[in-house]
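S.K.: If you want the building blocks of each chain, they are given just below.
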Amino acid sequence: MSTVQVVSTAEDRAESEAFRETFDVGDGPDVLLVLLGEHTYADPAVDEAVRAAVAAGRGVLVTCLDRNAQSSRLPPLLRANVDSGYAEFYRRPLDAAELRGWLERAPARPDPVREVADVPTPDWMPADTWKH
Amino acid sequence: MYDVVIRGGTIVDGTGGPAFRGDVGITDGRLAAVGTAPDSARHEVDATGRVVSPGFIDPHTHYDAQIVWDPMLSHSPWHGVTTVVMGNCGIGFAPCREADRDFMMQLCSLVEGIPYECLAEGMGDWGFETYPQYLDFVDRRGIAVNVVSQLAHHPVKVWAQGADATDRFANEREMRIQREVLREALAAGAAGFSIYNGPGHWAPGGKPVPGRLTTPEQFESLVAVLAEAGRGSLDLNWGSTFNPDTIPALWDRYGVPFNRPQTNSAKYFDRNDAARAAHRRGVIWHPQIGALPNSFEIGLEDPFMFAIDQPLGSQRGHPLHDLFGPLTSMTPAERLAEYRRPEFRAEFVRETDQDDWNTRYWPLLRVSYSPVDRAPEGRLLVDLAREQGVTPAEIMLDLVVGSDLDARFIIENPQDEEYLLEMLADDTFLLGASDAGAHQGQIADYRYPTYVLGRFVRDQGFPLTRAVALMTGLVARAYGVPDRGLLREGLAADVVVFDPDTVADGPLQRVNDLPGGARRLYSEGLGIDLTLVNGKPLFESGKCVADGEWSGQVLREFLPHSQRT
Numbered sequence: 001m002s003t004v005q006v007v008s009t010a011e012d013r014a015e016s017e018a019f020r021e022t023f024d025v026g027d028g029p030d031v032l033l034v035l036l037g038e039h040t041y042a043d044p045a046v047d048e049a050v051r052a053a054v055a056a057g058r059g060v061l062v063t064c065l066d067r068n069a070q071s072s073r074l075p076p077l078l079r080a081n082v083d084s085g086y087a088e089f090y091r092r093p094l095d096a097a098e099l100r101g102w103l104e105r106a107p108a109r110p111d112p113v114r115e116v117a118d119v120p121t122p123d124w125m126p127a128d129t130w131k132h
Numbered sequence: 001m002y003d004v005v006i007r008g009g010t011i012v013d014g015t016g017g018p019a020f021r022g023d024v025g026i027t028d029g030r031l032a033a034v035g036t037a038p039d040s041a042r043h044e045v046d047a048t049g050r051v052v053s054p055g056f057i058d059p060h061t062h063y064d065a066q067i068v069w070d071p072m073l074s075h076s077p078w079h080g081v082t083t084v085v086m087g088n089c090g091i092g093f094a095p096c097r098e099a100d101r102d103f104m105m106q107l108c109s110l111v112e113g114i115p116y117e118c119l120a121e122g123m124g125d126w127g128f129e130t131y132p133q134y135l136d137f138v139d140r141r142g143i144a145v146n147v148v149s150q151l152a153h154h155p156v157k158v159w160a161q162g163a164d165a166t167d168r169f170a171n172e173r174e175m176r177i178q179r180e181v182l183r184e185a186l187a188a189g190a191a192g193f194s195i196y197n198g199p200g201h202w203a204p205g206g207k208p209v210p211g212r213l214t215t216p217e218q219f220e221s222l223v224a225v226l227a228e229a230g231r232g233s234l235d236l237n238w239g240s241t242f243n244p245d246t247i248p249a250l251w252d253r254y255g256v257p258f259n260r261p262q263t264n265s266a267k268y269f270d271r272n273d274a275a276r277a278a279h280r281r282g283v284i285w286h287p288q289i290g291a292l293p294n295s296f297e298i299g300l301e302d303p304f305m306f307a308i309d310q311p312l313g314s315q316r317g318h319p320l321h322d323l324f325g326p327l328t329s330m331t332p333a334e335r336l337a338e339y340r341r342p343e344f345r346a347e348f349v350r351e352t353d354q355d356d357w358n359t360r361y362w363p364l365l366r367v368s369y370s371p372v373d374r375a376p377e378g379r380l381l382v383d384l385a386r387e388q389g390v391t392p393a394e395i396m397l398d399l400v401v402g403s404d405l406d407a408r409f410i411i412e413n414p415q416d417e418e419y420l421l422e423m424l425a426d427d428t429f430l431l432g433a434s435d436a437g438a439h440q441g442q443i444a445d446y447r448y449p450t451y452v453l454g455r456f457v458r459d460q461g462f463p464l465t466r467a468v469a470l471m472t473g474l475v476a477r478a479y480g481v482p483d484r485g486l487l488r489e490g491l492a493a494d495v496v497v498f499d500p501d502t503v504a505d506g507p508l509q510r511v512n513d514l515p516g517g518a519r520r521l522y523s524e525g526l527g528i529d530l531t532l533v534n535g536k537p538l539f540e541s542g543k544c545v546a547d548g549e550w551s552g553q554v555l556r557e558f559l560p561h562s563q564r565t
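Residue numbers (the numbering used here), protein chains in the order written: chain A, 1 to 132; chain B, 1 to 565.
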């Protein structure tokens, strides 16, 4: 099984600790697991950890701290790597076995994005002419 | 010579303007004359003392599966409905690969309360895979009424991601597929796109429905496709990252009209006020209101309400889903055997003898149908439990097991009708939210046109012309349907003739006539003399006269955003 480096924001410390205990998350360097809370989007430390993981060719996996979370925002580099398919962004797991399965399927993938400047403009960006 | 002429009726034309006496002439499925119709006709109808109005348009139905086995889309047409809007709430069946069919049926069963065995038997071999194929399939098989179909998001996400759709958010490659499917659907004739992003819907296995795993950026990228196409409405039920300000902001950026989310008179003052304010500054956004009280009849024959953990919600995780979820794929006989097991009984009692049930739900539940012993009918479960010194859960199980699953119970939520009628006078809101085709064992809100005309118009004096506009012209406008909803020369001849003195929804009956023997609530529409769909009689004096010659159509042309008001 992959070992796991966990990153979460300081504001979510209590939830992160509870998550680690609930889902039996150990420590290790193989996969970066981002525990996504309400404040993660604005935390530069998360993207720093992602940048290091991508540089080292390690898998990246994101999951939600809140079981009712949906549509959570991601910091830019993490967002870009989810979009590219290098990282995978999961809902909150149902149990420890499900999380283990995800971690085992999270080796390094093709198409890493090392910097957000590398990301092309999405094809859906709005144009003024679409306004009515 | 007209094909049909309706003479001497009170014409309520769907605009909300004054009613007037006159005639309506119909030729080749179109309104050839409104007001004065001097020519003779092959079929003459005397409408003296009757109201002549456009056929009703139900903006919120879930007939997406039923249309495969039931061209009548029963029972909406019984109540004067001549056009239905489908594909709501992110629930649909196209696109869908064969390997994903079972999942989509399970999802629909959990979200919309249509029993899985009913879907499995009724859908048969399906007969389509892509969304354009689905529309063509519906066209080929024939339908009694017109269909406005929206592309639903859940199947699109499953199409792009397969089984991962309920596990993770899409990556960009998968989003490109979603956007391409949406473009293809709009080109094929979709009226818009529906997405469910709220916390209340769950997929098999206690996972979120696919649409919930969508980021705001991804959602926005789909809205942009509608803007790029310059057509199509968005049906949105929002989750935690959307709020009443989201829709006006998206409107400012993309100019896409919004229908929904559902609202009502009790809980959603914030969204109602936001929608009113947005409407005043020109945002096309119409939250929908249901006309009938929000009451559900439930039973354990089909344990839908318990399998989705409603009305319990998520305060204690998913105890009832864990208990009832596995039962949803069982046969009724297997379910009955489960309810007889002492272990099941003990677990059900334990999970529902809790504060949330004892304070919020058990006090609302009454026995509505007890075929073996009628005495408990109409009584609250908590009162029966107190008298017998047991829990309400035990009363429920005893009645269910003693009646071989037939006993039914009703949760009654009273309606603030004064506030509701105030909302109906405001052009911001759309009358709809019937959920026709869904929850058929629990509700019968498809009957809302006759309910509104009887209870609100006749009994309470709500203006007839306004009520008709709310069920016709205003709905057509909200969805950009160009040639329906009004009685005007040249438009499609969807027409209803009814008696304003007797029109009403009939009493509820329980019938087991869905595929697989599944139960539903049936209500006849009373006081409707004639229903025409595209100029052809569908119902006369309460009897279907189409005899397999269906005149409904899949509507595929909608007004571009630049012409929407």
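To be clear, the hints were calculated from the coordinates, so they are not data collected in a lab. Note that this is a predicted model, so its numbers are computed, not measured. Any given hint might turn out to be false.
Restraint-style ranges between C-beta atoms, simulated for each label pair [stated by the list, open to error]: (1) B:THR331 with A:ALA97: 26 to 32 Å; (2) A:ARG105 with B:ASP102: 20 to 26 Å; (3) A:ARG105 with B:GLU417: 53 to 59 Å; (4) A:ARG114 with B:GLU184: 50 to 56 Å; (5) B:GLU387 with A:ALA97: 45 to 51 Å; (6) A:ALA97 with B:ALA277: 44 to 50 Å; (7) B:ASP356 with A:GLY57: 47 to 53 Å; (8) B:ASP252 with A:GLU11: 54 to 60 Å; (9) A:GLU11 with B:VAL372: 32 to 38 Å; (10) B:GLU557 with A:GLY57: 32 to 38 Å; (11) B:ASP513 with A:HIS39: 52 to 58 Å.
Beta carbons: idealized from backbone N, C-alpha and C, even for Gly.
S.K.: Check the structure against each numbered hint from earlier and tell me which ones fail, lowest number first.
M.R.: Numbers 4, 8, 9, 10 - these are the hints that the structure violates, sorted from lowest upward.
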